[in-house]
Amino acid sequence: MKLGRTYGAGTLHLLSHVAALALAAYAFTRIFAGGQPWNVVLWFVGAVVVHDLIAFPLYTGLNRLALGRGMRAVNHVRVPALLSGLMLLVYHPLILGLGDGRYERATTLSQDVYLGRWLLLCATMFAVSALLYAVRARRRQTS
Amino acid sequence: MLRHPIRDRHIAVKLSTRNPPPGPFRRASWRSPLRGPWLTSVLGAALLSGIPVVFVTGLLSYVAYVPALGRNNLIGDPGLLDFYVFSWPTSPSWLYALTQGTHVTIGIALVPIVLVKLWSAMPKLFEWPPLRSPAHALERASLALLVSSTLFQFATGIFNAQLYYPWKFSFLSAHFYGGWVFIAAFVLHAVLKVPTMRRALRQRRLLDELRRGLDETQPETGDSELIPAAPSAPTISRRGVLGLTGGASLGLFALTAGQSIGGPLREISLLAPHGRDLGNGPNDFQVNKSARSLGITAADTGDDWRLIVAGGTNRIELTRAQLLAMAQRSYELPIACVEGWSTTQTWSGVRLRDLAVLAGVESFDELLVESLQEAGSFRRATLSPGQAGDRRSLLALRVNGADLSPDHGFPARIIVPALPGVHCTKWVNRLEFKRTTA
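Top line first, the protein sequences correspond to chains A and B. For the first sequence, the numbering used here assigns the number 1 to the initial residue and increments by one for each residue that follows. For the second sequence, the numbering used here assigns the number 1001 to the initial residue and increments by one for each residue that follows.
It is possible that some hints are incorrect.
Ranges of calculated distance between the beta carbons of each label pair, as one might list FRET restraints [what the hints assert, rightly or not]: (1) ALA127/A to LEU1210/B: 25 to 35 Å; (2) GLY97/A to GLY1401/B: 31 to 41 Å; (3) ALA1068/B to TRP38/A: 41 to 51 Å; (4) GLY85/A to ASP1403/B: 40 to 50 Å; (5) VAL45/A to THR1436/B: 19 to 29 Å; (6) TRP1128/B to LEU120/A: 43 to 53 Å; (7) LEU53/A to ASP1403/B: 47 to 57 Å; (8) VAL45/A to ALA1230/B: 24 to 34 Å; (9) ASP1277/B to ALA19/A: 45 to 55 Å; (10) LEU53/A to ASP1277/B: 37 to 47 Å; (11) ALA1045/B to TYR26/A: 40 to 50 Å; (12) GLY101/A to ASN1019/B: 27 to 37 Å; (13) TRP38/A to GLY1302/B: 19 to 29 Å.
Partial chain A-side listing against chain B, Cβ under 7 Å, derived [what the hints assert, rightly or not]: (14) ALA24; (15) GLY34; (16) TRP43; (17) VAL77; (18) TYR91; (19) LEU109; (20) ARG117.
Hints listed in this document are in silico derivations from the structure and should not be mistaken for laboratory results. We treat Cβ as the ideally placed atom computed from N, Cα and C, and that holds for glycine.
Work out the full structure: start from the sequences and follow the hints.
Okay, structure coming up:
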């Protein structure tokens, strides 16, 4: 099949890709029509850059650092750290008080509580992890 | 000298394949013994069931705004992307609370699964040579679009739920059309990868894998590029990764769902933007936009306030006392916000259809509701005859036996079953029953 040799895959592959990319391009024209096209592009491209080239190397690097130090029972540190980081990732606008007070003006509620709640959640998770570690270490000693 | 084009290309490809640049392009740099098609497929299967729910409930939110009426459509001309729009019903009254609560809560709960899925498939993003053929180029372009639109949709949606807008574009339009960019890339990826996924899932049984501890954790076998060439020793079991991912997902669900489901979950929804306890008074429930934030003053809503009802044979103006003297109806109805929270309260006031009769309206195609608020996208909303004509649809004056508070829309607000919260207009000062057909 001639198409297959120059293109590198089957006809269905070509058709489905063109169909999907064309639909996506159409949706992009509708977003751009809403204004600020370069800001939209910045956010689409920026999201990948931030994830692939900053966040991913950062968290794998931290992980290697922890493993390289020969940290014993590394998961007792990694698990609460990951969960705390995840909560911060999802709810950082509230936790860090971002948004120029829009939340407080709109809801009449203070935004300050979220930092405290997140810190207490972190404290709880690290404390539970420490407790489990202590129990396990103790069990190892006695056995 | 003439060169042989084919032989030259052949040599070029061979050299570059043999010598990828250092770093992530070299297969040996990927060391995790857990990466492999089976793990990626388990996570993919989870997303394959979760993502469609989030996408469809997202579209339903667009439908619930009844974009065809008046100026309800705030996202510009949807072109061909509104083919599924139907007349949004008023029953069951909790319909929008359910669909939008699902959209936001499940969306947030999917975050850890998305992140671990990206982690598991990361070597694919650093393939070498980067472009092998036109087919390969298209595949990589669509993958890049999938990653980028996934991150874009999750970020914009989650920020909106926290009233945080660090961008310059319109959230409504970008998140709606961004959803279409995303679903195009997602469906393509699913169609291409489902056969691979099914093959990979047959390699191991999930239950067997969940019984294996760290000592029994071995790298996957096969010729997939995801399997590391030189794996390091495992530091966590495969069940550990799956448990952590699922646990994180459940944790985010628990920390968020209370603002939508209510009940005892509300007590633990510690990070939910709208899950907080405001007290025990009749007006002590979530405020979406306070009176102050929209510049509504006591003078605007004092004794001089009048409700104008237009569009009938007689244009009428009513004071709040006159409205209170009309037949009062009381219904327990949820108010559900596009940001994913909801709360059920007992509202009382005058039926919208009673006001239509009073103004001499015989029939109408839409009801335009206007607020005295001067700014904001939602200072007006248009209701369908089905929505305005429901017996439970009220111009509410009181809630839980007390006058509405200024933040909840005093002197009068709209309450319509299953209507998105932002269309339950507050501080109403004008109703116009319109005919758009002859």
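Hint check:
Between ALA127/A and LEU1210/B, the C-beta spacing of about 27 Å keeps the proposed range 25 to 35 Å intact. For the pair GLY97/A and GLY1401/B, the beta carbons lie near 36 Å from each other, so the given range of 31 to 41 Å is met. Look at ALA1068/B against TRP38/A: about 31 Å separates their beta carbons, and that is not inside 41 to 51 Å. Checked against the hint of 40 to 50 Å, the pair GLY85/A and ASP1403/B passes, with Cβ atoms roughly 46 Å apart.
Taking 19 to 29 Å as the suggested C-beta distance range, the pair VAL45/A and THR1436/B does not conform, at roughly 43 Å. For the pair TRP1128/B and LEU120/A, the beta carbons lie near 46 Å from each other, so the given range of 43 to 53 Å is met. A C-beta distance of roughly 56 Å is found between LEU53/A and ASP1403/B, which places it inside the suggested range of 47 to 57 Å. Against the hinted window of 24 to 34 Å, the Cβ-Cβ separation of VAL45/A and ALA1230/B comes to about 33 Å, which satisfies the hint.
Taking the beta carbon of each, ASP1277/B and ALA19/A are about 50 Å apart, inside 45 to 55 Å as hinted. Separation of LEU53/A from ASP1277/B is about 42 Å and conforms to the stated range, judged on CB atoms against 37 to 47 Å. The hinted window of 40 to 50 Å between ALA1045/B and TYR26/A is violated, with their beta carbons roughly 29 Å apart. In this structure the hint that GLY101/A and ASN1019/B lie 27 to 37 Å apart at CB is violated, the actual value being about 55 Å.
Distance hint check: the CB atoms of TRP38/A and GLY1302/B are about 47 Å apart, inconsistent with the given range 19 to 29 Å. The beta carbon of ALA24/A is positioned within 7 Å of a beta carbon in chain B (closest approach about 4 Å), and the interface hint is therefore held. Because the beta carbon of GLY34/A sits about 4 Å from the nearest beta carbon in chain B, less than 7 Å, this interface hint is met. Satisfaction of the interface hint for TRP43/A is found here, the shortest Cβ-Cβ separation to chain B being roughly 6 Å, below the 7 Å cut-off.
The criterion of a C-beta within 7 Å of any C-beta in chain B is not met by VAL77/A, whose closest approach is roughly 11 Å, and the hint is violated. Checking TYR91/A against chain B by beta carbon gives a least distance of about 5 Å; that is within 7 Å, so the hint holds. Against a cut-off of 7 Å between C-beta atoms, the interface hint on LEU109/A holds, since the closest Cβ of chain B lies about 6 Å away. Evaluation of the ARG117/A hint against chain B yields a held restraint, the C-beta minimum of about 5 Å falling below 7 Å.
The structure is inconsistent with the numbered hints 3, 5, 11, 12, 13, 17, although it conforms to all the rest.
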